[in-house]
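Student: For my numbering, count along the sequence shown from 1 and bump the result up by 168.
Please keep in mind that the hints were generated in silico from the structure rather than gathered at the bench. Please note that a few of the clues may not be correct.
Each pair of labels, with its calculated beta carbon distance range [claimed, not checked]:
{"no.": "1", "residue 1": "204", "residue 2": "381", "range": "43 to 53 Å"}
{"no.": "2", "residue 1": "390", "residue 2": "174", "range": "51 to 61 Å"}
{"no.": "3", "residue 1": "182", "residue 2": "206", "range": "33 to 43 Å"}
{"no.": "4", "residue 1": "337", "residue 2": "226", "range": "17 to 27 Å"}
{"no.": "5", "residue 1": "291", "residue 2": "171", "range": "11 to 21 Å"}
{"no.": "6", "residue 1": "199", "residue 2": "381", "range": "46 to 56 Å"}
{"no.": "7", "residue 1": "193", "residue 2": "374", "range": "34 to 44 Å"}
{"no.": "8", "residue 1": "202", "residue 2": "382", "range": "35 to 45 Å"}
{"no.": "9", "residue 1": "216", "residue 2": "387", "range": "44 to 54 Å"}
Where a beta carbon is used, it is the ideal one built from N, C-alpha and C, also for glycine.
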Amino acid sequence: MIGRTVRALAYLALGAPVAVVALAWTLVSSVLLLLLAPTQLAPRALLGATAVNRALARCERRRLGWYSHRPVPVPYQPAGAGPVRARAAAVFRDPATRRDAGWLAALFPVALPSMLLGVAPAALAVGLATAPAWLWAVPNPNAPALIAPIVGTWPGRCAAAVLGLALLPLVARWVQTLARGQGGLARLLLRPDDRQRLTALAERLASTRARVVDAQAAELRRIERDLHDGAQARIVAAGMTLALAGRKLRGRPDDPVRADVDLARRQLDGALAELRHLVRGIHPPILTDRGWPPR
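Let the sequences and hints guide you as you build the complete structure.
Tutor: Structure, rendered in structure tokens:
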């Protein structure tokens, strides 16, 4: 709990300076884009402002990934090459561009109150819990009557420490709730949308299927090569040996061994024919994908 609370406090505290920078840049970029909209510089200004927005959004994704231990995928679609206007139009049509701008605009009103509501109770609870260690060094002769016993006496300081220790679990849960709320909103805006996730999943599945098909085709080619160069060659050699044996027995028509040799030759010819048919039937799956029917 201590580690999660410290991480949540750091996430909330770091959000305030980032929010100030994001708010200032949002105001400046909005004014510049409005002023340059009627001019020829509008596409270049849009590309430049979007580049800065995406850099700030990447910082937010890294900060959120560090806090939640779950990286946030980058949702941007490739703008491609071409004229400036075409690239600017592609960037403007990207849904992630608008979500980045929305998060940067909403970061200040979200992060600053979250930081104050999280850091102040945590500082109060930690201060009360450690009161005996430092409160004696802060004399206050003008303290109100209700606070003077706590500030000026050891029993009062110990009571403050007990109260602070009792508040620490509640404050820790409160800080983690604030951080989860801010992180959930950030993840909702900065992650890829459903369409982009489905597109990325389809691309991964297509790439995986292509690798599987290539591996299967390579394995089939290996089997075909082994059958052609191995078993088929040995069957042909055995058939030639039997043919030579049949020639040697040609002068002895009554010898029963000759009939056995002829039968063995016919069986080898049948096995060789079946093996060749099997080899010809091995069909790489990539050919089927490209419209070549199996034989």
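Student: It remains to establish, for every hint, whether it holds in the given structure.
Tutor: Verification of the supplied hints:
no.	hint	in the structure
1	204 / 381: 43 to 53 Å	50 Å, holds
2	390 / 174: 51 to 61 Å	57 Å, holds
3	182 / 206: 33 to 43 Å	39 Å, holds
4	337 / 226: 17 to 27 Å	35 Å, violated
5	291 / 171: 11 to 21 Å	18 Å, holds
6	199 / 381: 46 to 56 Å	54 Å, holds
7	193 / 374: 34 to 44 Å	38 Å, holds
8	202 / 382: 35 to 45 Å	52 Å, violated
9	216 / 387: 44 to 54 Å	51 Å, holds
When the structure is compared with the earlier hints, violations turn up for hints 4, 8 and for no others.
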